[in-house]
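Number of protein chains: 2
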Amino acid sequence: MGITRGSVWHNMRLNMKKIGLVGGIGPASTVDYYMGIIDGCRKKSGSPNYPEILIYSIDMFEMLSHIEGKHWDKASVLLSTAVNNLASAGADFAAIASNTPHLVFDEISRLSTIPLISIVEETCNFVLEKQYQRVLTIGTLFTMRNGLYSNPLVAQGIISLLPSETEQQEIYSLFFPNLENGIVIQDDKIKMQKLVDSIVRKQKADSVILGCTELPMMLKQGDLNVPVIDTTQVHINAIVRNMN
Amino acid sequence: MGITRGSVWHNMRLNMKKIGLVGGIGPASTVDYYMGIIDGCRKKSGSPNYPEILIYSIDMFEMLSHIEGKHWDKASVLLSTAVNNLASAGADFAAIASNTPHLVFDEISRLSTIPLISIVEETCNFVLEKQYQRVLTIGTLFTMRNGLYSNPLVAQGIISLLPSETEQQEIYSLFFPNLENGIVIQDDKIKMQKLVDSIVRKQKADSVILGCTELPMMLKQGDLNVPVIDTTQVHINAIVRNMN
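From first to last, the protein sequence lines are chains L and V. Everything in the first sequence is counted per this note's numbering, starting at 1 for the first residue and increasing by one. Everything in the second sequence is counted per this note's numbering, starting at 1001 for the first residue and increasing by one.
Chain L extracted, bound-state conformation:
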């Protein structure tokens, strides 16, 4: 760490709200959020100073066991407890650095003492802004099966497309064991590209929501024949906007 020009930089101190991030779902995504929020704040402020950031990294598999068992109440309590602990540490507002837990977002919000920024709401706003009409969502089996994006998109008059059950299984199988741990294998990436592009063609999608915060490590803008919507980046941008 560095000791130079401290007093100059100090005068430029960022007076921003403190974000509380629920992380660990999984850790590789948490790192993307952490570095992304810092980059976003520095670009926005034009200052080299760092924003204050609070992180509560939970045990993903404890949360997943609740979601898998459909113990929605336990998942909500686990996540809102993390949020409220962040509030105790001084967070002004919070965000959950993952898509799947947003299945219980309303209940977490109800139990939380500070406001939350939803990745789903921000992504739907982004779709509206871009005027996409036929939007394919890929993500974890839970995200695809439970209408995490379909319900709000349809409510906005947008056509929401999903892979078939078999395609969902194929997509999800490419998450393990590497992508989940933040590692992108070239062969897996090529399989994912071919598979998603074939669904895009078949269903005439005009855009694809990467409905899982690990997917943007594998699929970048330009990797598919239609634009990809990077939910991690959309969420980070909303967090940075809200820090002012």
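No wet-lab data here; the hints were simulated from the structure. All C-beta atoms, glycine included, are put in the ideal place defined by N, C-alpha and C. A portion of the hints provided could be inaccurate.
[Said to hold, decoys possible] Simulated coverage check for chain L against chain V, where a stretch passes if three residues somewhere in it have a Cβ under 8 Å from a Cβ of chain V:
| id | region |
| --- | --- |
| 1 | 29-39 |
| 2 | 44-52 |
| 3 | 119-131 |
With chain L's structure known, arrange chain V on it following the hints.
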């Protein structure tokens, strides 16, 4: 994030103490600590589950302005406030993910409501264990000038070596602007290797303390003619040990 075998993993949940990490000094080191603690816990437990981790990422330049101005009391209050906020969020003990702030470690400890693990103490223990006798310390100008490692090493009867004032400036100039931001430039690395190896030779050092948590990104074991002591890894190992 993944949804598989959750219930099996849930049964293996890690019952560990919660570490509170003061990060952001700088962010690249915080990421190394975060991923390192997770790796360490998973290896130790043999379980794929994730430990709970709390992070308070502060503004490095605010802290540096206090250190640079020798406002030790302000630096102590800033850091101990972060620690106490982590305690409010549920941290059982804490660590500061950086060497330089350990200049005010005793005062931070005094002001903190939870125990702290010192990177300096753990590194000195490591030196004793390895039976090194002539130990060169490199790091930020503040670390080298203020006897952060020299004082405790000498107290243990170990010969503590430091670069000359000119060499200290040369070493520190290689931190900016890249290493500080987590980027290693090959040319800078070669300059650092040559410079440190020449000091090692001249002063007959038998080991080198990388007394800055960004240095292990640039200098790995085998890059110098004597063993390097990676203070980040020594600190991470101590944190993981204390989580049980």
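We went through each hint and held it up to the structure:
Counting residues of the region 29-39 of chain L whose C-beta sits closer than 8 Å to any C-beta of chain V gives 6, which meets the bar of three, so the coverage hint holds. Counting residues of the region 44-52 of chain L whose CB falls under 8 Å from any CB of chain V gives 5; the rule of at least 3 is met. Residues of the region 119-131 of chain L lying with their CB closer than 8 Å to a CB of chain V number 0, which falls below the three-residue condition for coverage.
Hint violations for this structure: number 3 only, all remaining hints satisfied.
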